[in-house]
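As you go down the protein sequences, you meet chains A and B in turn. Quick note: the first sequence, position 21, residue 21 per the working numbering, numbers continuous. Quick note: the second sequence, position 33, residue 33 per the working numbering, numbers continuous.
Read the hints as simulated data drawn from the structure, not as lab findings. No residue lacks a Cβ here, since even glycine has one placed at the ideal position from N, Cα and C. Some clues are possibly wrong.
[To be verified] In silico DSS-like links for lysine-lysine, alpha-carbon gap of 30 Å or less:
| id | chain 1 | residue 1 | chain 2 | residue 2 |
| --- | --- | --- | --- | --- |
| 1 | A | K18 | A | K52 |
| 2 | B | K76 | A | K41 |
| 3 | A | K40 | B | K76 |
| 4 | B | K81 | A | K41 |
[Said to hold, decoys possible] Coverage of chain A stretches by chain B, computed from C-beta distances (three or more under 8 Å per stretch; other residues unrestricted):
| id | segment |
| --- | --- |
| 5 | 38-44 |
| 6 | 48-62 |
| 7 | 83-97 |
[Said to hold, decoys possible] Computed list of chain B residues with no C-beta within reach of chain A, every gap over 12 Å:
| id | residue |
| --- | --- |
| 8 | E41 |
| 9 | P43 |
| 10 | S61 |
| 11 | R66 |
| 12 | M80 |
| 13 | M95 |
| 14 | P108 |
The lines below spell out each chain.
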Amino acid sequence: ETGVTQTPRHLVMGMTNKKSLKCEQHLGHNAMYWYKQSAKKPLELMFVYNFKEQTENNSVPSRFSPECPNSSHLFLHLHTLQPEDSALYLCASSQEGRGGYNEQFFGPGTRLTVL
Amino acid sequence: GQNIDQPTEMTATEGAIVQINCTYQTSGFNGLFWYQQHAGEAPTFLSYNVLDGLEEKGRFSSFLSRSKGYSYLLLKELQMKDSASYLCAGGAGNMLTFGGGTRLMVKP
Chain A
1 ETGVTQTPRH
11 LVMGMTNKKS
21 LKCEQHLGHN
31 AMYWYKQSAK
41 KPLELMFVYN
51 FKEQTENNSV
61 PSRFSPECPN
71 SSHLFLHLHT
81 LQPEDSALYL
91 CASSQEGRGG
101 YNEQFFGPGT
111 RLTVL
Chain B
1 GQNIDQPTEM
11 TATEGAIVQI
21 NCTYQTSGFN
31 GLFWYQQHAG
41 EAPTFLSYNV
51 LDGLEEKGRF
61 SSFLSRSKGY
71 SYLLLKELQM
81 KDSASYLCAG
91 GAGNMLTFGG
101 GTRLMVKP
């Protein structure tokens with residue numbers, strides 16, 4: 001595996017279900033991110049983890065719960081979602097702290113549909 | 001705040017040149033990124049500007065004017081594969097704020 005991988009690629013869930021999205025980066029980076037991409041809306045930053053510590057929660061509802069067990073893995077736990085949460089969820093990673101600009105590398109995303 | 005505006009859609013002809021503009025209102029903002037996103041795929045990095053001026057990278061160039069809150073992405077010698085969405089994003093630390101993206105359609 002290379003780059004940033006995400007599983008599953010597609011997920012359909014009911015509003016009462018609990019599911020988790022998984023992201024893994026194979027780039028040796030120290031920062032990971034969750035973004036939400038809805039139709040007709042800009043890509044929205046949800047969470048930022050630097051060195052496994054959450055440094056940003058961009059006013060995301062508590063029905064989204066991130067987890068970063070190590071610098072290579074990032075999860076997004078989902079429970080009691082709403083239909084408006086249907087979107088493409090993108091994971092990204094970058095190497096921070098070395099100066100200059102820090103390009104973020106994105107995974108292919110999980111297409112989530114909430115019924 | 002960091003309002004980032006770019007046109008929703010543009011159309012251009014294969015072989016031509018197209019300029020995609022991005023304007024922003026920002027504070028605490030240290031650079032401007034451009035990403036390309038093909039339908040159903042992940043965004044991929046194209047360019048980054050931190051200083052005023054033009055950065056050239058092959059067929060793609062990006063320009064930044066910090067005083068005017070303005071950037072553009074210039075695509076030369078357009079190819080059909082350049083049909084994609086182009087996302088402008090302002091960076092502050094490792095936080096990116098994206099515009100809505102410009103969907104470029106390249107026609108033969």
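**Request:** Identify every previously stated hint that the structure contradicts and give their numbers, smallest first.
**Result:** Hints 8, 9, 13 are the ones this structure does not satisfy, whereas the remaining hints hold.
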